[in-house]
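*Asks:* In case you want the letters, here they are:
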Amino acid sequence: NPYAGLVSRLRAAWLSGKTRPMAYRVAQLEALGRFLDEKKQDILDALASDMRKPPFEVEISEISICRSELNHALNNLGTWMKDEHVEKNWATQLDSAFICKDPYGVVLIIGPWNYPINLLLVPLIGAIAAGNCVVMKPSEISKDVEKLVAETLPSYLDEDCFAVVTAGVEETTKLLENKFDYIFFTGIPSVGRIIMTAAAKHLTPVTLELGGKNPCYVSDSCEVQNVARRVAWGRFFNAGQTCVAPDYILCSVEMQEKLLPALREAITEFYGPNPQESPDFARIVGDKQFQRVQALLSSGHAAIGGQTDEKERYIAPTVLVDVQPEDPIMQEEIFGPILPILTVANVDEAIAFINARERPLALYAFSSCKKVLRQVLEQTSSGGFCANDTVMHMTLTSLPFGGIGHSGLGCYHGRFTFEAFSHQRSALLRGTGREALNTLRYPPYAPSRLPLLRAATETRRAAACVLL
Amino acid sequence: NPYTGLVSRLRAAWLSGKTRPMEYRVAQLEALGRFLDEKKQDILDVLASDMRKPPFEAEFCEILLCKNELNDTLNKLGTWMKDEHVEKNLATQLDSAFIHKDPYGVVLILTPWYCPIHIVLMPLIGAIAAGNCVIVKPSEITKNTERLVAEVLPCYLDNDCFAVVTAGVEETTKLLENKFDYIFFTGIPSVGRIVMTAAAKHLTPVTLELGGKNPCYVSDSCEVQNVARRVAWGRFFNAGQTCVAPDYILCSVEMQEKLLPALHEAITEFYGPNPQESPDFARIVGDKQFQRVQALLSSGRMAIGGQTDEQERYIAPTVLVDVQPSDPVMQEKIFGPILPIITVASVDEAINLINTHERPLVVYVFSSDKKVMNQVLEWTSSGDFCGNDTLMHVTLTSLPFGGIGNSGLGKYHGKFTFDTFTHLRSCLHRNMALETINTLRYPPYSPQKLGLVRLASEVKRQGTCTLL
Chain X
1 NPYAGLVSRL RAAWLSGKTR PMAYRVAQLE ALGRFLDEKK QDILDALASD MRKPPFEVEI
61 SEISICRSEL NHALNNLGTW MKDEHVEKNW ATQLDSAFIC KDPYGVVLII GPWNYPINLL
121 LVPLIGAIAA GNCVVMKPSE ISKDVEKLVA ETLPSYLDED CFAVVTAGVE ETTKLLENKF
181 DYIFFTGIPS VGRIIMTAAA KHLTPVTLEL GGKNPCYVSD SCEVQNVARR VAWGRFFNAG
241 QTCVAPDYIL CSVEMQEKLL PALREAITEF YGPNPQESPD FARIVGDKQF QRVQALLSSG
301 HAAIGGQTDE KERYIAPTVL VDVQPEDPIM QEEIFGPILP ILTVANVDEA IAFINARERP
361 LALYAFSSCK KVLRQVLEQT SSGGFCANDT VMHMTLTSLP FGGIGHSGLG CYHGRFTFEA
421 FSHQRSALLR GTGREALNTL RYPPYAPSRL PLLRAATETR RAAACVLL
Chain R
1 NPYTGLVSRL RAAWLSGKTR PMEYRVAQLE ALGRFLDEKK QDILDVLASD MRKPPFEAEF
61 CEILLCKNEL NDTLNKLGTW MKDEHVEKNL ATQLDSAFIH KDPYGVVLIL TPWYCPIHIV
121 LMPLIGAIAA GNCVIVKPSE ITKNTERLVA EVLPCYLDND CFAVVTAGVE ETTKLLENKF
181 DYIFFTGIPS VGRIVMTAAA KHLTPVTLEL GGKNPCYVSD SCEVQNVARR VAWGRFFNAG
241 QTCVAPDYIL CSVEMQEKLL PALHEAITEF YGPNPQESPD FARIVGDKQF QRVQALLSSG
301 RMAIGGQTDE QERYIAPTVL VDVQPSDPVM QEKIFGPILP IITVASVDEA INLINTHERP
361 LVVYVFSSDK KVMNQVLEWT SSGDFCGNDT LMHVTLTSLP FGGIGNSGLG KYHGKFTFDT
421 FTHLRSCLHR NMALETINTL RYPPYSPQKL GLVRLASEVK RQGTCTLL
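Going line by line, the protein sequences match chains X and R.
The first sequence begins at 1 in the working numbering and counts up by one.
The second sequence begins at 1 in the working numbering and counts up by one.
If we strip away everything but chain R, and leave its shape as in the complex, we get (with noise of 0.2 Å):
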């Protein structure tokens, strides 16, 4: 296997204990920091050939997310690695009882092509203040973007503990066979089962962080060309190439009419009135990719947009109506800058289609009524929540980011990477005398020192006030 040497050196690596002083942490995280200031210009540069990417989007999503997330990482490393005391019982009373944060060991991070260099960093950051030993697999679609990650990056970070591998699918497969402490994996449900698959021959546990159909339901009140430019705005950034994105929207008819105007408003406002001429309108990845969204676009009719060009792999900001539950458009995620509406008769059938859909990694609901949006919230379920905006969840570094069921498992951002890479070890500290208080649970045993034991032990049901 080629990669069981690499594997091998950095276990070696994390057993010498060499990640786990929190000095050591700091300056490898510092040094990331000096990544994205130094390279700053490079990675604009490689997002943009790689797939057109607007630099204010690069830096947005890519830069200051990823800044963030290592300023609140080193603000609070040292509360995240302090042991944790808890809780004792009558019979641990003198003993110290702590929780312990252990890194993994060796941790395997896979990351997609649509924000690359976001992808990497943002569980690599955790990765590293966990204490583990890192190996970083960046997307082969990308790949100005995995040349500018698989040549720089390492030059940053300390070469015995930290790698990056460049690899095809074979290779991945390859690579897959190691045993890892811990796998973090993004993209697709079905890469995620396979991995996840290969993950069980080692009982490796994984965070996979996948996707799904983010539904945007859009109540009878609110304020129209707001909703409109929140959502245009969600779906048509990066051309759509997010995986927060809404995918599609269910609204009465009444709205629909609405909103096709001030979606058509929102977009022009965005783009002007040829997005094809807007530089901060970015391009679908690949070939592969833009005939698969293309392909799409045969579904319902096409109300906004809708035009696109094979040489540039643009697609317009399109909308879509008259869309059937059954079109092509509506069985898959659509990653790219379609949005397709259907009419709903109200938010009752609106929760029933969210529901009869494999639960998706976000549900956004625009509604000016409390109600509605708490209903929403209720009675559906999916990796998070986001009400009256798009996308805008995941920039709060204290919000735990992931799906649920088809959508994904596991969560990150913030201290949830650090959690997420960090293994809880309980302790419990007892003291080498004191034995009289131990025979209580010894044999002989007898029924007066049960009554002791559960005494010294057991967790009582607190009284409930009643008034008289």
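With the rest of the complex left out, here is chain X (with noise of 0.2 Å):
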């Protein structure tokens, strides 16, 4: 197996103990930053010439991304690290009970192309954090990306205990069948099963951020030009290729009447007249995408939008109404810049048409009535939930960003990450005197120790007040 000595090499560096203290950890983290800061036009390059990403997406959804969860780890790594003190009960009163965060070991990261630095380098900053050796793949789909990744990301780790690996399908088959300690990817759900099942053989555990078809309930009571603006900025950003795009708007016939007009100024107000003279967006990354994409817009009809140009794999932004649930671009994550518009008679027709299929990795509602949003929220499982936007819940550190069911398996960002690589490792220690309590549960045993016994030990249930 062409990787083994790679991963042998990195397990006895783990076993060393050399990414244990704070400060290495700190230390690579911080060359992380440098990285960032030093190549960024070199990033900013690469990503225009690999999907012709507007320098503007790549400094906020990329880099700025990156910055925050880097500063984010770094402002608090030492309390992440803490050993956790817990709750005793009698027996232990005068142990010491905590939890340590150890490392899991070799970590493996799989990064997808539409995000290819952010979805590489934020599961990575949380590894490091965490006290992890880390393999990580970048996607060969995005060539640029992985090759400034793999020719300038290792001059800035410690080579003894980082590595990046570039390869295809066939080879990455190979890389999974060293043992990792745990495994992190980012990609389609047909994957994700491969991953997993790979990973089964060793018992790795494993993050899975998968994807499906976001919908985005619009009510008939919102303020529609706003809704518009930030749908269609939602879906077409980074030319629709990410994976908490709004995928299609479940509406009231009355509401796409309104809609359409708003998303068509919407629409222009952001790329002009023609998107495709327009440096604000992007194209679709390979051909077999474009091909992929370009064969959806035979669904419904295109209200707005609809053209194409295939040798600049350019797809406008395009919203199709007419759209039946047995089309084919509600068959499949569209991961492009079609929007298509489906009507319902009300929000219960809605929340049941979304229960019916696949639990999304986001689920969107534009409501000003709170009664709604609590309900649709209630009455549905996503991974995240936005209400009146798109796209923004994955922005905030704080919030644990994953998926349910078909769109994933784990979470991450912020504390998150490092939680996902951390083992929680239990840890009791007691002295060794006081011998007398012990012999409580000792044989030969006795009925009358019991009560003793769980008086030590046993939680009781908490009164509850009453008023008389």
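In case anyone wonders, no lab produced these hints; they're calculated from the structure.
This one's a predicted model, so the numbers in the text were calculated from it and none came from an experiment.
Cβ coordinates follow ideal geometry from the N, Cα and C atoms, glycine included.
A hint or two may mislead.
Listed next, the stretches of chain R that the computed footprint assigns to chain X, with coverage defined by at least 3 CB atoms under 8 Å from CB atoms of chain X [unchecked claim]: (1) 13–22; (2) 97–111; (3) 188–200; (4) 269–282; (5) 378–389; (6) 434–445.
Lysine-lysine pairs mimicking DSS-like chemistry, simulated, CA-CA at most 25 Å apart [as the list claims (entries may be wrong)]: (7) X:K82 with R:K370; (8) X:K258 with X:K371; (9) X:K179 with R:K88; (10) R:K371 with X:K82; (11) R:K40 with R:K143; (12) R:K174 with R:K201; (13) R:K370 with R:K258; (14) R:K371 with X:K101; (15) R:K82 with R:K40; (16) X:K40 with R:K449; (17) X:K201 with R:K333; (18) X:K40 with R:K460; (19) X:K370 with R:K258; (20) R:K101 with X:K101; (21) R:K333 with R:K143; (22) R:K415 with X:K101; (23) R:K449 with X:K39.
Residues from chain X that keep clear of chain R, each with C-beta distances beyond 10 Å, as calculated [what the hints assert, rightly or not]: (24) G5; (25) G306; (26) E310.
With the hints as a guide, bring the two chains together.
*Replies:* Next comes the structure, spelled out in structure tokens:
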């Protein structure tokens, strides 16, 4: 196996204890910060050449987010690493009971192509903070970023403990035959299954950040123009290639009539009358992906947009109407700049529609009525939920980001990334004396001892206050 | 598939929202409490008939610990269920950002035979508290307990949402073909792999409570008689059939000389001169398991015990010496009343030996020297750690219990069980109005907007104070 040597080397480094001291982890994280600063222009260039991602979008969705996560980790690492002392019962009153945060060991991070810096570095930050050694595999689809990461990132990090591997599908399969102590994967559900099946052979825990069709319910009571802007922004950012983009709209026929002109206005505000000429609109990452997304345009009919240019891999910001649930566009995650609208009679029908499908990564609801928002939240299940906006819930380091069911397993961001890559190790340190107390539990057993043993270890039901 | 109807029925019940209100969950949990009270004698009887478990041991491990978990959960459920509000950045200051605790849906609990009531109820309590519907499969090996759980437990719970399934290996395989929203498995690593592989097909998250060989290092500075009693208690409780029992001792040759008479004395104190006659010593659960454990007696030399009685499935409390790392008793988890001693020259050698084995469920260390204790804690990796005692860390509901690597994946007990069966759903509720701030992020992009967006959302590195 071509990677066995690398994994052994990193495992030996981990066993040596090199990554344990806080000072070491801080040094590696600060080096990552320097990578983001010194290589910023290279990152902007690589993303521009891989998918014509506008520099502004790269700054806010790749660089700024990584910097926030880095700073948040550096600000809090001392607290996160501390042993956590816990409540004790009578029997353990004089003991020391705490939770240690142990690293897992050698972890594997597999990144996707749509936000190739963000979705590789943010998990990496948590993995390093938690004291692990890391093998990273950036996506082979965003080729220029892959090259940048493989050639430059290692020189910033300690190569005893961190490595970047470039691999296509076949080599990744070989990589996965090795035993890792944690695997963090971002990508599509079908590959998520393959990863988890490979992990199961070694009983390796996993985090799977997958995807789905994120529904966007727009109720009749809302400020239509604001809704249109917020939805258009979320949908067309990065030409729709965002795992938390609103995938389809559910609204009433009346709301559709209002939304269409509002969406048209928002798109023109953002990208001008001919979005192909706007420097602020990205392209589809590759020919294969372009073909796939273009084929979805045949569902319903295009009320806005619909133009394509194969040479540039350009697909115009598009809104489709008269879409049926059986249409091709409703069978897979769109991952492109197409927004279908499906009409429903009311919020209950919208909820039933959503619940008949796989649970999505994000669920959006727009309403001025809190009751409606609460109803959608309570009666559906999704990774995350955002009311009256799109995507923004992902930008808070304090909120755990992850899916459920088909859209994923586990969560991260901020402290949650540190926790994903940490093993909570319970520790109870007792005294060597005070044996008299212990004799309660030893044979020969006597029923008379049970009440004492119970009293020393039990948790009682707290009395409920009753107003007389 | 014989179980598809059942799973669909429970999923429909979950989708109906029946398990969501706190009152419903409290009612089910209180019913579990009544089961433990009203059926206590039946529980003691079936455990006595399945494995001759002494009533005292059954009361402590199966009833008392479950009651603690129940009370802890009932006391705190309101707090655990609450939305958790989180820190916000400048951009989201006026929004509501919180973590909503969602159930997973329909969960499956697969339980082993050695603490058959405890390991059914402990996860079940948390699964119910978290608002899930549950299918429980008790072990087919402890036949009387299986019957009690299958026939009696359902009478206490709402049969719309909770079910007990009796199944052998083949039927369990069929059961696992269904899609569950969480699977909680306790058992051996090889079956853990099978369960995780089945779960991977549906991207179902899992907790695997597995096992391993729990090392017990006894340093030269300790109170030998106390050590002997604490180790003997942990090893011979339930005739050694405990996942957290100390599996083998590591100590110096000198310490072995002192330990042997001390262990002999402890065993006599506990079980009398002929443990076969003691009512306080259990039996091996079945013939197959008896054969397996008996075969391990051929390793090394019997310093204490070694007698067996096939008819009763009795194996005497036994201590083996002159055991080599290559002997059969060191190749698998013992899970019987046999304690091998392996001599090591120093704590460093002990640590190396521990680190060459798969990571265990627990590492035990006996030492009056804090430095030695910490050294073993820092340089080994295990599910949990207990200093100067055995088993006791399991009795604190505030400590997360679980393995790492081959010994498992995930943690539970107390709040950690609730957390295991809960999906953390990030929620961000924004204002329908206040659109001006949002325009910062919309195209057309400009460097000025970028500066302001970063200001509103980026986390800064906190200044370090320097003494000038």
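*Asks:* Next step is simple, just say for each hint if it's right about the structure.
*Replies:* A quick look at each hint next to the structure:
1. Interface restraint, the segment 13–22 of chain R with chain X: holds (3 residues with C-beta to C-beta distance below 8 Å; minimum three).
2. Given as covered by chain X, the segment 97–111 of chain R passes the check, having 6 residues with a CB less than 8 Å from a CB of that chain where 3 are the minimum.
3. Requiring three or more residues with a Cβ within less than 8 Å of a Cβ of chain X, the coverage given for the segment 188–200 of chain R holds, as 7 such residues are present.
4. Under a criterion of three residues with beta carbons nearer than 8 Å to beta carbons of chain X, the stated coverage of the segment 269–282 of chain R is upheld, 8 such residues being counted.
5. For the segment 378–389 of chain R, the assignment as covered by chain X holds, since 11 residues bring a beta-carbon within under 8 Å of that chain's beta-carbons and 3 suffice.
6. Coverage of a stretch by a chain is defined here by at least three residues with a beta carbon nearer than 8 Å to that chain's beta carbons; for the segment 434–445 of chain R and chain X the count is 7, and the condition holds.
7. The suggested pairing of K82 of chain X with K370 of chain R holds, with an alpha-carbon distance near 18 Å, which does not exceed 25 Å.
8. With a CA separation close to 22 Å, the supplied pair K258 of chain X and K371 of chain X stays within the 25 Å bound.
9. Of the supplied pair hints, the one linking K179 of chain X and K88 of chain R is violated, its CA atoms being roughly 39 Å apart against a limit of 25 Å.
10. For the suggested pair K371 of chain R and K82 of chain X, the alpha carbons sit about 18 Å apart, so the restraint of at most 25 Å is met.
11. For the suggested pair K40 of chain R and K143 of chain R, the alpha carbons sit about 17 Å apart, so the restraint of at most 25 Å is met.
12. Taking the CA atoms of K174 of chain R and K201 of chain R, the gap is near 13 Å; set against the 25 Å cutoff, the hint holds.
13. Between K370 of chain R and K258 of chain R the CA atoms are separated by roughly 21 Å; this keeps the pair inside 25 Å, and the hint holds.
14. Taking the CA atoms of K371 of chain R and K101 of chain X, the gap is about 19 Å. The hint holds against a cut of 25 Å.
15. Annotation: proposed proximity of K82 of chain R to K40 of chain R is violated, straight-line Cα distance about 33 Å (limit 25 Å).
16. Of the supplied pair hints, the one linking K40 of chain X and K449 of chain R holds, its CA atoms being roughly 18 Å apart against a limit of 25 Å.
17. A threshold of 25 Å between alpha carbons decides the hint, and for K201 of chain X with K333 of chain R the separation of about 19 Å falls inside it, so the pair holds.
18. With a CA separation close to 18 Å, the supplied pair K40 of chain X and K460 of chain R stays within the 25 Å bound.
19. Pair hint K370 of chain X plus K258 of chain R does not hold up; C-alpha atoms about 72 Å apart against a cutoff of 25 Å.
20. A distance of roughly 24 Å separates the Cα atoms of K101 of chain R and K101 of chain X; the hinted pair therefore holds under the 25 Å criterion.
21. Restraint check for K333 of chain R and K143 of chain R: satisfied, since their Cα atoms lie roughly 23 Å apart, inside the 25 Å limit.
22. Pair hint K415 of chain R plus K101 of chain X holds up; C-alpha atoms about 17 Å apart against a cutoff of 25 Å.
23. Taking the CA atoms of K449 of chain R and K39 of chain X, the gap is near 22 Å; set against the 25 Å cutoff, the hint holds.
24. Look at G5 of chain X: its CB is around 19 Å from the nearest CB on chain R, clear of 10 Å, so calling it non-interface holds up.
25. The Cβ of G306 of chain X sits about 20 Å from the closest Cβ of chain R, beyond the 10 Å cut-off, so the non-interface label holds.
26. With a closest Cβ-Cβ approach of about 24 Å to chain R, E310 of chain X is found to remain outside the 10 Å limit, as its non-interface label requires.
Hints 9, 15 and 19, counting from the list given before, are not met by this structure.
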